[in-house]
Structure formats: C-alpha cells, structure tokens
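Colleague: Here's the letter readout for the chains.
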Amino acid sequence: MEKTKVPSKVGLFIFDPGGGLARAIDLEAVLQKLTKAKNVARCEVIRDLWETNFHDSIKKDLAAGDINRILWVGRFSPDQEKKIQSELASEGLNPYLHEWCDLGEQGIGQNGGDGVDRGAETQKALILIQMALARTRLLEPLEPLSLPAVDAVLIVGAGVAGLHTATSFMDLGKRVYLIDKESGVGGKVASLSRLYPRICDPRCGLEYEIQKLKESDKVEVHTLSLIKSLAGSPGNFEVTIEKRPRYVNEERCNACGECMRACPIVIPEQSTPIPLFSTAPALQGAMNLLKSRKKAIHPATPMPYPSAFVIDRMHCPPECRECVKACPTQAVELEQSPSEAVFRVGTVILTTGWDPYPLSKVEEYGYGLYPNVISNLEMERLLENPPEFRELGFIQCAGSRDERHLNYCSSVCCSATLKQVRYLKEKAPDARCYIFYQDIRTPGFDEELYQQVKSLSDVIFIRGNPSTVKPEGDTGKLRIRAEDTLSGKEVSLSLDLLVLAGGMTPSDGSRDIAQLLNLPQNNFGFFESHLQCHPEESQRTGIYVGGACRGPMNVSQSIESSHRAAMEALAFLNETVLIEPTYPVVDVTKCDKCKRCMEDCPFTAFYFDANGFPAPDLAKCRQCGNCMGTCPIAAISLRHFTIKQTAARIQAIKASFIGKEEPVILAFLCKNDAYYAARSAADSGLPIPPNVFFIKVPCAGSVSNALVADAISFGIDGILIAGCVDGQCHYVKGNQLVKTRSGDLSDKLKKMMIEPERVRFENLEIRDSRRYVELVNSYIRELKAMGPNPFKV
Amino acid sequence: MTELLHTETIPQFSICVQCGRCSSGCPVAFESEDTPRKIIRFLQWGWLKEACESPFLWLCASCQVCSVRCPRGVKIPEIMLALRRTAQQKGWIMAGEKLLFYRTFMKMVKKKGRISELHLGLATALGKMPSHPIEDALLFLKLLKRGKIR
Chain A
0 MEKTKVPSKV
10 GLFIFDPGGG
20 LARAIDLEAV
30 LQKLTKAKNV
40 ARCEVIRDLW
50 ETNFHDSIKK
60 DLAAGDINRI
70 LWVGRFSPDQ
80 EKKIQSELAS
90 EGLNPYLHEW
100 CDLGEQGIGQ
110 NGGDGVDRGA
120 ETQKALILIQ
130 MALARTRLLE
140 PLEPLSLPAV
150 DAVLIVGAGV
160 AGLHTATSFM
170 DLGKRVYLID
180 KESGVGGKVA
190 SLSRLYPRIC
200 DPRCGLEYEI
210 QKLKESDKVE
220 VHTLSLIKSL
230 AGSPGNFEVT
240 IEKRPRYVNE
250 ERCNACGECM
260 RACPIVIPEQ
270 STPIPLFSTA
280 PALQGAMNLL
290 KSRKKAIHPA
300 TPMPYPSAFV
310 IDRMHCPPEC
320 RECVKACPTQ
330 AVELEQSPSE
340 AVFRVGTVIL
350 TTGWDPYPLS
360 KVEEYGYGLY
370 PNVISNLEME
380 RLLENPPEFR
390 ELGFIQCAGS
400 RDERHLNYCS
410 SVCCSATLKQ
420 VRYLKEKAPD
430 ARCYIFYQDI
440 RTPGFDEELY
450 QQVKSLSDVI
460 FIRGNPSTVK
470 PEGDTGKLRI
480 RAEDTLSGKE
490 VSLSLDLLVL
500 AGGMTPSDGS
510 RDIAQLLNLP
520 QNNFGFFESH
530 LQCHPEESQR
540 TGIYVGGACR
550 GPMNVSQSIE
560 SSHRAAMEAL
570 AFLNETVLIE
580 PTYPVVDVTK
590 CDKCKRCMED
600 CPFTAFYFDA
610 NGFPAPDLAK
620 CRQCGNCMGT
630 CPIAAISLRH
640 FTIKQTAARI
650 QAIKASFIGK
660 EEPVILAFLC
670 KNDAYYAARS
680 AADSGLPIPP
690 NVFFIKVPCA
700 GSVSNALVAD
710 AISFGIDGIL
720 IAGCVDGQCH
730 YVKGNQLVKT
740 RSGDLSDKLK
750 KMMIEPERVR
760 FENLEIRDSR
770 RYVELVNSYI
780 RELKAMGPNP
790 FKV
Chain B
0 MTELLHTETI
10 PQFSICVQCG
20 RCSSGCPVAF
30 ESEDTPRKII
40 RFLQWGWLKE
50 ACESPFLWLC
60 ASCQVCSVRC
70 PRGVKIPEIM
80 LALRRTAQQK
90 GWIMAGEKLL
100 FYRTFMKMVK
110 KKGRISELHL
120 GLATALGKMP
130 SHPIEDALLF
140 LKLLKRGKIR
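Residue numbers (numbering that gives the first Met the number 0), protein chains in the order written: chain A, 0 to 792; chain B, 0 to 149.
Honestly, the hints are just simulated from the structure, not real lab data.
Incorrect hints may appear among the rest.
[Claimed, not checked] No more than 20 Å apart at the CA atoms, straight line, and that leaves these computed lysine to aspartate or glutamate pairs for EDC-like: (1) B:74 <-> A:120; (2) A:488 <-> B:49; (3) A:82 <-> A:101; (4) A:81 <-> A:142; (5) A:32 <-> A:139; (6) A:488 <-> B:116; (7) A:469 <-> A:489; (8) A:488 <-> B:32; (9) B:74 <-> A:142.
Note that the structure is predicted; figures quoted are calculated from it, not measured.
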C-alpha cells in the first residue's frame with residue numbers, strides 16, 4: 000500500500016449558468032482569494048457544463064497531472080454528477096476524487112438578494128468553498144470491494160411461508176436448506192381446516208409446494224432440526240444445525256405402516272381438558288374427535304414429508320421392540336443419537352411462525368376447565384366432522400387487545416371465526432351461532448366474508464363481551480351472560496360449545512432464535528424491524544424475517560412477507576457481495592480496545608481481529624458511521640467521510656467572519672431527513688441567516704464528540720446536531736446514541752469552561768424546513784444572550 | 000366536567016372500548032336500566048348530569064368485578080365513587096330514598112365514630128316505607144339468632 004504521496008492539485012470549477020451567483024455575491028473577490036489558495040491548480044467560473052473545449056481542457060490537465068482532484072461548486076443534479084464522474088473516470092480520475100459544494104442549499108443566493116448583506120453572503124460563500132476545498136485536498140481514490148459469496152440460503156421454519164419461499168428460491172436456481180423443528184413440514188397451517196377467503200383446503204396448496212420440493216435437487220429439507228450456531232458474515236455464513244434422532248432410517252423407510260400397526264402405545268397429542276361434569280353425547284363425540292389416535296411410531300407431522308416415520312421415544316417402554324420386529328425394511332434404528340450438520344449459506348431467512356396464546360390464562364372463560372370451551376385452533380379440527388351442536392358461541396378477542404394479556408390485535412381472528420361460522424353453517428345449517436365481539440375487524444376484501452356470514456340465518460352478532468362462563472347445572476351446557484351493548488339489554492344464553500378466538504404470539508422457536516442470534520424483538524416478542532422502510536430486515540445484516548414471526552398476519556400476508564424477505568435476501572445470493580468503499584476503518588495505532596464501537600454498532604458488525612482490535616465485518620456494516628461517532632478517541636473513520644476531512648472543514652470556518660458579536664452555528668445534519676429539511680428551506684426561499692453552516696452526515700450518531708470539541712475550540716459559538724425523530728432512524732438508534740453521548744460531551748465542555756448549552760440536539764423530519772429556520776433563528780438569539788464563545792478570536 | 004373528575008384523580012374513562020365485560024359480570028346491573036358501561040359512555044359524551052342521575056350509582060357495591068375483567072384497566076368503582084360525590088355536590092340525585100342508607104351511615108360515623116349494625120338496619124328500614132316488612136322482620140330474627148347483629 001506504500002505509495003509516494005502525490006501533492007493534491009485541485010481543479011476548482013464554479014458552475015454559475017445564469018449568473019445568479021455573481022449577482023448574489025462578489026464572485027470576483029471570491030475567485031481572487033481562491034486562486035491564491037493552497038493546492039488550487041486551476042480556478043474558473045464556468046457557464047456551460049457540457050462545452051467541449053472545457054472538457055477537453057480538463058482531460059488534458061488530468062492527463063498531464065496538472066490536476067488530480069476536482070471541486071465542483073454549484074448546483075448539480077445527481078444525473079449530472081454521475082455523468083461527470085463516469086466521463087472523467089475514463090480519463091483516470093477516480094469517482095471519489097470529486098467534491099461537490101452546493102452553495103444554494105446553504106442559503107446563498109436563494110432569496111433574490113433582498114435585504115441580504117452581500118458582504119456577509121460573499122464571506123459565507125468563500126468559507127463554504129474553503130471548507131469544501133479543505134476536504135478535497137484530503138480525498139483519497141477508493142475502489143469498491145467485492146467479497147465472495149455463497150449462493151445458498153437457509154430457511155428456518157418449514158411452515159407455509161418457509162415452503163413457498165423455498166420453492167421460489169428453487170425456481171431462481173438457488174440452493175436451499177429448509178429446516179424445521181417438527182418431524183414434518185407444513186407448520187400451523189397444515190392443522191387448519193379451511194383457508195379464507197376461498198374456503199379452500201390448506202393442504203392443497205401445501206401439497207403442491209411439497210410436490211415441487213420433492214422433484215427438485217436444489218432443496219435439502221432437514222426436519223427435527225434446530226440452529227445450533229451461526230458464524231461468518233453475510234454472504235458467507237456457516238450454520239451448524241443440530242438434528243434430533245428420528246429413530247427411523249430415512250433412506251430405508253418406505254412408509255408401509257407395518258410398524259404403526261404393531262406399536263402398542265397410543266399417545267395423546269395434547270392434554271385434553273378434564274371433564275368436570277357429565278358430558279352430553281354430542282360433546283362426547285367432539286372430545287373423541289379432538290383426541291388423537293397417534294401411535295408412538297407415526298408418520299411425520301404436521302405433514303408427512305419427509306415420508307419416513309418417526310418415533311416419539313418419550314412414550315416408548317424401554318424394552319419394547321415391536322416396531323423393529325414389524326419393519327420389513329429394517330428401517331427402525333433405535334440406537335440413533337443426535338447429529339450435527341454444517342452448511343455454508345449466503346443469507347438466512349427466518350419464518351419461525353407463531354404460537355397460539357395460552358387461553359388457560361384467560362381464566363374467566365374456563366378454557367381447560369370445561370371440556371366444551373375450546374380454542375379456535377381446536378375448532379379447526381372439529382370443523383371437518385362437526386358433531387351435532389345446536390347452540391354455539393364464539394368469543395372474539397379472548398385475551399387480545401387486553402392489557403392483562405396481549406395488548407394488540409391479532410388481525411386474523413375475526414376473519415377466521417367468520418370463516419369457521421360460514422363453513423360450519425354449510426355442514427350443519429341448523430346450528431345457531433352467537434358471535435360475541437368488541438369490533439369486527441375484516442380489513443380489505445375480508446369484508447365480503449363478513450357480509451356473507453351476516454346474511455346467514457341463525458347467526459347472531461352480539462356487540463359485547465361476556466365476563467364469565469359458568470357450567471349450567473349438570474346438563475353439560477354452558478351458561479353465558481353478556482350485555483348486548485347496542486340495545487343495552489342483558490342476554491343470557493345456554494350453549495353447547497364455546498369457541499374462544501385466541502390471539503397469535505411469537506413462537507417459542509422465534510424467541511430461542513432471537514436469543515441465539517442476538518436479534519432485537521419488539522415489546523411483544525416479535526422480531527423487530529424498521530416497519531415502514533425495511534419491514535423484513537432484521538437488524539442484523541443478512542438475516543431476514545418473514546411471516547408471522549414478525550407480527551400477526553394471515554396466510555397470504557405471511558407468504559407475501561416471506562417473499563419480500565427473500566427479495567431483500569437476494570442481494571447476498573450472488574457469487575459476490577458488492578461493498579461500497581465508504582466503510583469504516585479502525586486506526587489500530589490509536590485504538591485502546593475500549594469496545595465502545597462494538598456495543599454501539601446498531602448492526603453488531605464489529606468483531607475482534609487477530610490482534611484483539613475491533614474490526615468491522617464489511618458485509619454486515621451499513622456504513623452509518625455510528626462507530627465513528629462513538630469512538631472516544633476518534634480512532635474510527637468512515638472512508639470518504641473521515642474525521643480528518645471533517646476536522647479540516649471545521650477548521651476552515653472563520654468564526655468571526657461577520658463580526659465577533661454575531662454567533663456562528665455549525666450544524667451536523669443527518670442526510671436522511673434533517674439535511675433535506677435544511678435544503679428545502681433554502682430552495683423555497685426561506686431566509687436562512689448567514690450565521691449557519693451545515694455539514695451533511697450519514698447519521699446524527701456519526702458525529703464525534705471530538706469534532707464538536709474541535710469546533711468549539713475554533714471559536715464556533717453553537718453546534719446543532721439534528722437527526723431523525725425517535726423510532727424513525729434508518730440505522731435503528733443513531734439519534735438516541737448521540738443523545739446518550741451528550742452526557743460525556745457536557746462534561747468535556749464544562750472542563751473547557753464552556754456552557755453545555757452550546758451544543759444542541761434536535762429531531763427534524765424531512766419536511767420540517769420551516770422549523771429548521773425557526774430553530775436556527777431561536778438558537779442565534781439564545782447564543783447572542785449567552786455571549787460569544789471565549790475561544791473566538 | 001372533565002376537570003371535576005380529574006381533580007378527583009380518576010383514571011381516564013376515555014380509554015374504555017365499550018366491550019361490555021363490566022356490565023355482563025356486574026352482580027347488581029340487573030336491578031337497573033343502566034349498566035357500568037353505560038355510565039362510562041355517558042361520561043365519554045360528557046353527559047355528567049345523566050351519569051349522576053342514574054340510579055345505578057347507588058347500587059354499585061364496589062365489588063371490583065368490573066375492574067378485574069376490564070381489558071383496558073379502567074377503575075370503574077372509583078369512577079362511581081367520584082360520581083356519587085359529584086351528584087351530592089350538584090344535587091343531581093334522582094333516586095332519593097337510596098341515599099337514606101348512606102346518610103344514616105355517615106351520621107352514625109360522625110356521631111359515634113363507629114357503626115352499630117342494629118341501629119343502622121333499623122334506621123334505614125324505618126326511615127322509608129319498607130317494601131317487605133314481614134320478610135325483613137323474619138330476616139332480622141334469623142340474623143339475630145345467628146349472632147350476626149350485635
């Protein structure tokens with residue numbers, strides 16, 4: 000890397016097509032000053048950007064080595080910038096050796112020159128160009144990196160979302176590892192009776208996907224498996240999975256079922272409620288239906304793919320060998336032990352799904368206490384063969400939208416109940432259904448389902464939730480009392496069966512994985528993401544979340560969501576991962592290994608290198624610069640936005656350019672919104688006081704305290720740091736980080752005998768241009784009252 | 000109106016979603032046209048007078064079933080107590096004789112510092128025309144026999 004240092008030779012071009020700049024400021028004086036500035040090889044005002052002579056002369060200078068960096072002053076559109084960069088790149092000028100200085104966005108020449116002090120404007124423009132020049136001198140040529148990547152994906156959870164995503168990846172020609180902790184694929188949806196809105200059988204869709212998997216050699220399905228560890232970085236993950244023993248050889252088993260006939264052990268699939276009172280015949284039938292007749296050796300559940308049987312050894316008597324004897328293919332291997340497998344994948348998609356809320360916690364409705372109080376998932380199983388019930392009740396929001404249980408709406412239960420009622424009424428038209436609800440929420444086209452059910456006879460909607468459920472003597476029925484809040488009358492009903500619409504919670508598997516991979520979760524335990532902009536990105540690069548592990552959603556939404564996750568994951572599924580060269584670099588000669596960067600990185604991109612120094616994992620890094628901001632000794636710099644470059648810019652500000660009494664403010668504006676607010680303030684002609692200079696930063700969190708202290712020591716009166724509104728930061732927590740650091744900063748300022756109020760933090764939204772101007776003006780007044788910075792000369 | 004209730008540090012009734020769990024569990028709501036949910040609804044509309052005039056206020060036994068069942072954590076008995084005080088202050092009381100018990104109770108407390116159940120029962124029973132004099136007398140004897148009234 001050792002190169003002989005070529006001195007910077009800056010070509011400085013002021014683009015002033017209409018002469019507006021010359022009217023607003025004394026351009027001649029500025030030019031005179033700049034021509035004499037250090038490192039400036041060429042300084043011109045240009046009127047036409049695309050004039051051939053001009054281009055030829057630049058190219059000639061570049062070829063001769065007379066200039067090796069260019070500072071463009073003026074307003075350039077992104078297209079123009081790109082075109083200039085690419086044109087000059089062919090002449091050997093690295094795209095990172097251009098610097099763009101827009102005077103207009105800083106408020107120069109934007110309000111027609113009325114009532115503006117031309118001298119001050121000229122001074123400000125000169126300082127701005129000098130700031131940009133200071134940075135231009137320090138620019139370095141940079142090349143994008145490309146890291147090798149594996150074009151395979153790991154999908155965790157083979158439910159409906161995982162299966163659909165797996166087949167889509169398969170169609171794209173990517174290698175897929177699909178794992179699930181159950182013995183078969185299909186997830187929760189396989190246990191449903193019907194899907195709304197078409198009232199179709201969910202197994203039909205699942206079977207179709209499984210068929211595709213079977214035919215492909217691109218997909219590897221591992222059931223009874225859990226992630227054990229995830230190492231490496233996006234593009235090159237190394238996943239270790241742990242497989243529980245199946246006790247049946249997958250290659251040998253031909254699913255003939257002889258073993259199941261021989262197996263003496265019937266296992267309960269779930270603990271059925273204990274009947275407390277004599278049960279009615281219809282109820283008895285229902286209970287029998289809910290009980291499973293699963294043997295200890297049985298086909299894979301929920302759906303028998305892989306087709307090999309599986310043994311639940313928990314229930315086997317130790318000496319029993321019936322299945323071994325019965326198996327005609329010698330597939331039963333009771334000696335199997337847990338095994339591990341390692342894959343290399345480029346990206347991980349989590350579709351770990353949901354679990355039903357434990358309804359026994361909603362004590363007042365007697366779930367688990369009375370046998371004819373069942374959950375909506377159990378109702379799905381009853382629906383296939385509904386026993387002869389006359390009177391059925393459905394309680395919506397059982398435990399949902401309730402601060403004692405789930406303080407959110409699970410968004411699918413209303414439609415699910417309506418679907419159940421509709422399907423039930425097809426099979427048993429005489430049944431009377433009472434639906435107790437708080438609000439019926441059928442978003443979008445689900446409204447049709449609502450209207451269909453509304454038009455059925457003997458379906459009664461009661462707006463009001465019951466408070467308790469009591470058994471009615473020993474008739475086996477339930478007595479339920481509720482207020483029909485619409486009529487204000489009390490209703491008292493005797494029911495054969497009560498269905499509780501319980502909500503969705505993140506699955507246990509999701510919680511375990513969140514812990515294992517250190518993924519942030521929201522208050523309810525679902526995976527956290529930036530819901531508006533990157534809903535499927537977990538806050539760990541290369542790991543995406545889709546489906547109901549991200550929040551309650553129905554089947555079609557979860558397929559959509561997992562596909563969105565897949566779309567974002569594709570970036571890591573090429574042969575290479577492209578890295579912008581503007582990544583952070585740790586200066587190991589300065590670093591004292593305090594690990595602050597590791598803690599504060601919103602994407603946990605830092606790891607220890609061979610010598611114990613923190614180093615960013617470039618594939619994980621999103622280049623927000625929070626590490627640069629947090630490093631207490633300024634040892635971390637984003638390339639192309641280095642601490643040195645920014646410090647040089649700050650140094651170029653002459654703090655007393657409009658007199659010692661006038662305060663000068665330096666603003667650090669987040670490029671995502673505060674910058675746009677300031678820019679549109681200038682563009683829409685709002686009067687921007689000459690006292691303020693701003694520097695665009697990648698994130699408010701990337702502003703180092705060292706730079707702030709620097710600015711104060713150069714005599715700048717006030718520092719304004721503006722970032723996003725809390726909870727809206729694109730880099731998760733940059734704006735919060737900068738606030739937590741303010742404690743350190745005010746200590747530092749107090750040591751310098753400076754008022755801590757000279758540094759302010761503000762939240763600005765993208766359209767807050769008026770607020771930006773008001774903010775600056777009020778800050779100027781405050782600073783005037785405070786008096787000039789004692790460091791000012 | 001809201002100031003009146005807020006000064007009494009009442010949890011906000013505006014968070015009520017009118018699910019009706021309070022009313023369906025209420026052991027005394029069957030006695031009245033109004034239910035706890037309706038009273039809260041009156042308050043949401045700002046109909047303080049209607050809320051205060053409701054006889055339900057004086058039926059509420061503060062048994063807390065409603066607040067235990069409430070999914071939003073509204074402290075309904077506290078609201079009822081606040082409304083009773085407001086009703087007294089403003090004179091918005093429709094069910095006059097229902098107040099007799101409370102007035103006798105308070106009078107006794109002020110006078111003696113404690114309650115004599117016998118006196119309280121008799122004073123309330125005699126203060127108005129008893130609707131079931133014979134049943135009441137029999138109940139009285141029963142209670143006396145079991146040592147419930149001393």
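Colleague: Now look at each hint and say whether the structure bears it out.
Modeller: Quick rundown of the hints versus the structure:
1. Note on residue 74 of chain B and residue 120 of chain A: the hinted pairing is violated, with a Cα-Cα distance of about 63 Å set against a maximum of 20 Å.
2. Note on residue 488 of chain A and residue 49 of chain B: the hinted pairing holds, with a Cα-Cα distance of about 18 Å set against a maximum of 20 Å.
3. Proximity of residue 82 of chain A to residue 101 of chain A is assessed by CA-CA distance (about 17 Å); at most 20 Å being required, the pair is judged to hold.
4. Under the criterion of a C-alpha separation no larger than 20 Å, the hint pairing residue 81 of chain A with residue 142 of chain A is consistent with the structure, at around 16 Å.
5. A C-alpha spacing of about 25 Å is found between residue 32 of chain A and residue 139 of chain A, which places the hinted pair above 20 Å, so the restraint is violated.
6. The straight-line distance between the Cα atoms of residue 488 of chain A and residue 116 of chain B is roughly 36 Å, outside the 20 Å bound, and the hint therefore fails.
7. Under the criterion of a C-alpha separation no larger than 20 Å, the hint pairing residue 469 of chain A with residue 489 of chain A is consistent with the structure, at around 16 Å.
8. As the CA atoms of residue 488 of chain A and residue 32 of chain B are separated by approximately 8 Å, the hinted pair is consistent with the 20 Å bound.
9. Only pairs whose Cα atoms come within 20 Å are accepted, and residue 74 of chain B paired with residue 142 of chain A is rejected, the gap being roughly 65 Å.
This entry does not satisfy hints 1, 5, 6, 9, going by the numbered hints stated previously.
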